[in-house]
Amino acid sequence: MPIVPSLRLTRARDVARDAAARSGAPAVDPAPLVGTWVSFDAATRGIVRVVVASRGGRLAVRAFGAASPAPHDWGEVPGDAFAGSVDTAAAVGFTARYRFGFVDTLLAAYLNRRLLVVDSYNAFGDGSGRSSYFSRDHFHQPAESASRA
Amino acid sequence: MTRLQSVRADDQLGESASAPPGEIDVSPLLGTWWATDKTTESVVKMELADRAGSFVVHAFGACAPAPCDWGERPAVPYAATVDSRDAMAFSAVYDFGFMETLLAAYSKGGILVLDTFNTFKDGSGRANYFTREFFHR
Chain C
1 MPIVPSLRLT
11 RARDVARDAA
21 ARSGAPAVDP
31 APLVGTWVSF
41 DAATRGIVRV
51 VVASRGGRLA
61 VRAFGAASPA
71 PHDWGEVPGD
81 AFAGSVDTAA
91 AVGFTARYRF
101 GFVDTLLAAY
111 LNRRLLVVDS
121 YNAFGDGSGR
131 SSYFSRDHFH
141 QPAESASRA
Chain H
1001 MTRLQSVRAD
1011 DQLGESASAP
1021 PGEIDVSPLL
1031 GTWWATDKTT
1041 ESVVKMELAD
1051 RAGSFVVHAF
1061 GACAPAPCDW
1071 GERPAVPYAA
1081 TVDSRDAMAF
1091 SAVYDFGFME
1101 TLLAAYSKGG
1111 ILVLDTFNTF
1121 KDGSGRANYF
1131 TREFFHR
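Chains as they are written, first to last, in the working numbering: chain C, 1 to 149; chain H, 1001 to 1137.
These aren't lab readings, by the way, just hints derived from the structure by calculation.
The hints are all genuine.
Lysine to aspartate or glutamate pairs mimicking DMTMM-like chemistry, simulated, CA-CA at most 20 Å apart: (1) Lys1121(H) - Asp80(C); (2) Lys1108(H) - Asp1083(H); (3) Lys1121(H) - Asp29(C); (4) Lys1108(H) - Asp1086(H); (5) Lys1121(H) - Glu1100(H); (6) Lys1108(H) - Asp1025(H).
On the chain H side, residues computed to face chain C include the following (Cβ under 8 Å): (7) Leu1004; (8) Gln1005; (9) Asp1010; (10) Val1082; (11) Asp1083; (12) Tyr1106; (13) Asp1115; (14) Asp1122.
Just so it is clear, the structure is predicted and the values come from calculations on it, not from any experiment.
C-beta atoms are modelled at their ideal positions from N, C-alpha and C, and glycine is treated no differently.
One chain only, chain C, in its complex shape (with noise of 0.2 Å):
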């Protein structure tokens, strides 16, 4: 495939190899991510399931913290979905951002097969002294979920 030229990059990955990649056509399709997602870990402190949407074309993201007597609905927030390369379509990724007020966590996922993997950067700013974190949780998607995505 012709490789096209003149579009700024950053590094080769940038360069779309394909003419179509310039029409506009590859939005990325948020299919592959939409669904239920509930952790593998079932005594994880983490996340225990993320709910991914597609709301008008945009990607929602609605997570739940591990937390006694029931998980702590984070609520619904906006997320960007990430294909596999510029001129491809489907979601391999999400990013989604929580502003706690005494936290800021950037959720930054992605496809691994049929896992997802979420990755969450935990930023504190109420003084508490605790130190900001990374954590990492792994999601199934059961198959009444899957069906319906």
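Go by the hints and put chain H onto chain C.
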């Protein structure tokens, strides 16, 4: 122990723990990290440095005939837990004007794993894209 605000169990300090004094120690991450894939088309090298208390990243993209120098940007360090002080991850944002790149990286077993989330702003029709790479010092 005072119960602190949290959105998940991991946000709480351990039963007998208190927050250790001081800032996160970025020294475990400092140095020059090279992509393990010598033919990568993404990030070829990252330099992580402490500039008088400011943690910074300097990344280089795969370009010919020489790597593209992305310049130096502030980075945010993260520990493994709320009561650890050793940095093991970082995030940073590059705004190139035509594109914004989020770097999200963590270390594991001497390897640095870098995810990039790349958002185009130039109307070129290129799809926003994700990459994942491995680095060694």
